[in-house]
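Chemist: Listed below, chain by chain, are the residues.
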Amino acid sequence: MRFVSPEAYVKSIVASVQDYSLLCARAVGDLFSRPRYVADMFTQMDSIGAGSLPIVVLTGFFTGCVLALQAAVSLKEFGAVNMTGELVTLSMVKELGPVLTGLMVSGRNASGMASELGSMKVSEQIDAMRALGTDPIRKLVTPRLVATVVMLFFLTIISDACGIAGGAFVSVAMLKLNAATFFHTGYMSLAHGDVVEGLVKPLFSGFIIATVGCYYGLRTTGGTSGVGKSTTQAVVASSVFIILTDFLVTQLMIGFFGR
Amino acid sequence: MAESVLNPLMQEFLSSGKPMVEFKDVSIRFDGPAVLDSINFAVMHGETRILLGPAGCGKSVLMKLANGLLEPDSGEIFVFGRSLGEMTETEIFEMRAHVGMVFQESALFDSLSVENNVAYRLCEEHVAPETIHARVIEALQFVELEKAIDKFPSELSGGMRRRVSIARAIISQPDLILYDSPTGGLDPITSNTIIELIVKQRDVSHTTCLLITHRLQDAFTLATHRYDAVQQKMVSIPDGGIDPGTKFLVLNEGKIVFDGTTLELTHTENPWLRRFIE
Ligand SMILES: Nc1ncnc2c1ncn2[C@@H]1O[C@H](COP(=O)(O)OP(=O)(O)O)[C@@H](O)[C@H]1O
Ligand SMILES: [Mg+2]
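Protein chains in written order, with my numbering: chain S, 101 to 359; chain A, 44 to 321.
No lab work stands behind these hints: they were computed from the structure. Don't be surprised by glycine CBs; every beta carbon is placed ideally from N, CA and C. Among the hints, erroneous ones may be present.
[Said to hold, decoys possible] Beta-carbon label-pair distances, calculated as ranges:
1) A:G60 with S:S325: 22 to 32 Å
2) A:S197 with S:A280: 53 to 63 Å
3) S:H284 with A:S197: 48 to 58 Å
4) S:L122 with A:E137: 17 to 27 Å
5) S:F162 with A:A177: 49 to 59 Å
Excised from the complex, chain S in its bound form (with noise of 0.2 Å):
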């Protein structure tokens, strides 16, 4: 390990911001002029939304599942077993849904865009596109930035939907519930807000794994094994970012909505 002077420490976190910052704006400031590149976000579409379909079914699935086992454990006590589906459907539609997807997909597509956006720019392709004419955040980070938010968006709704039949399978199958009342519950218990704040959070997901991934791929320097170390940060940062501001939208949606 290397000791830097506090000074200097500083100083390159505040540089990193401000480049993270200015890498944000502008690849949010290119989607309102031209060329955009339509056919790349198409295809980072399909590379982020169908290629993360798999994992986000899983885990959201299974989440589902040993939701309602350790609920049925807790409510039991109170002779209150019916109140599994409010409880799995509350629990994955409003934080475990939206968390456990950007996390996963974080943990996919943060590091997937990291490690290509890095080995371009150490194999100088970052250079070329740019002595070609191509400016490389509007060629290759804004359309990862709105293929990740708009498929994280409806990931997250998969990922919900088959955490709440997780947990109705689970109830159904092993805790001998009715399903009729699992899917009631758990429907009734849902208020606008719920929902709301579960839909926003991906949003946020979204942005920071682009970002992200895309900042740390296009700083990297030093060979190959730049490269893998820009991957993990990216992933690291990626994941703290979405948890911390999945814990600030909370808060948010507790002012707006009351719960």
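Start from chain S and add chain A with the ligands according to the hints.
Modeler: Showing chain A with the ligands alone in chain S's frame:
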């Protein structure tokens, strides 16, 4: 580039007799000592400027500065008579449309086939697909690689990658070509093929170019050979003649140690330079 011939500003500039590229007191440093320190030189229209110097002396950095890929810490760089520091980003992209660049490690896009790599710039400029295909074929024929059109960069040898990279740089018929170590890491025979291509490009299109090489041999081949359009190959200039447009720039430790013609270089008195060229 076909468009640039029609571009009146560019035509006017070319006939004005001003340098194509000019560095004035340019310095740049990363962490550590200055990589380039008060560099001054100019490249005139039609000139082939060969950049020599030991590894790590800042040749690639100089070339990236000339294309606006890096910004100098101090000093001014003029390309086609305009200061890069005063241009907006859009103007720099427009300037780059007149510049072809061959990178040290080829820098082909891994995810695109050879055809799409070479066509990249034309696709960005929204040229009609049929025209693009015809011009890609033409550019690949120039580098004698038309059979590799459907391959991917990972399937090519080092020399082939370098040739695709040259095809990508010349497809838009730029007014200035920057070659960063086009023969670096290649065997002598492949190197020769590449140098022959560069001589051909120089003598067929009379494009101004800036070329980095660490092989002195290549530099002297460039200075003493020309492309014979009848025999369709590179021949040495008769009677020990030297190409008048070929000039040299030698860098060492961030400073220019030599700036002049081939004859001046071979007759230099500077002891470091003598050791370097021998
Ligand atoms: N982007 C960069 N960041 C930090 N240092 C760099 C960068 N590019 C080049 N350098 C440093 O500048 C010096 C000159 O590099 P370069 O121009 O690639 O040398 P060469 O003459 O062999 O082409 C080297 O010491 C290199 O470490
Ligand atoms: Mg170099």
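Chemist: Next step is simple, just say for each hint if it's right about the structure.
Modeler: Do the hints match the structure? See the list:
A C-beta distance of roughly 49 Å is found between A:G60 and S:S325, which places it outside the suggested range of 22 to 32 Å. A beta carbon spacing of about 57 Å between A:S197 and S:A280 agrees with the range 53 to 63 Å that was offered as a hint. Checked against the hint of 48 to 58 Å, the pair S:H284 and A:S197 passes, with Cβ atoms roughly 57 Å apart. One distance hint, 17 to 27 Å for the beta-carbon pair S:L122 and A:E137, holds here, with the actual separation near 22 Å.
Between S:F162 and A:A177 the CB atoms are about 56 Å apart, so this pair conforms to the stated range of 49 to 59 Å.
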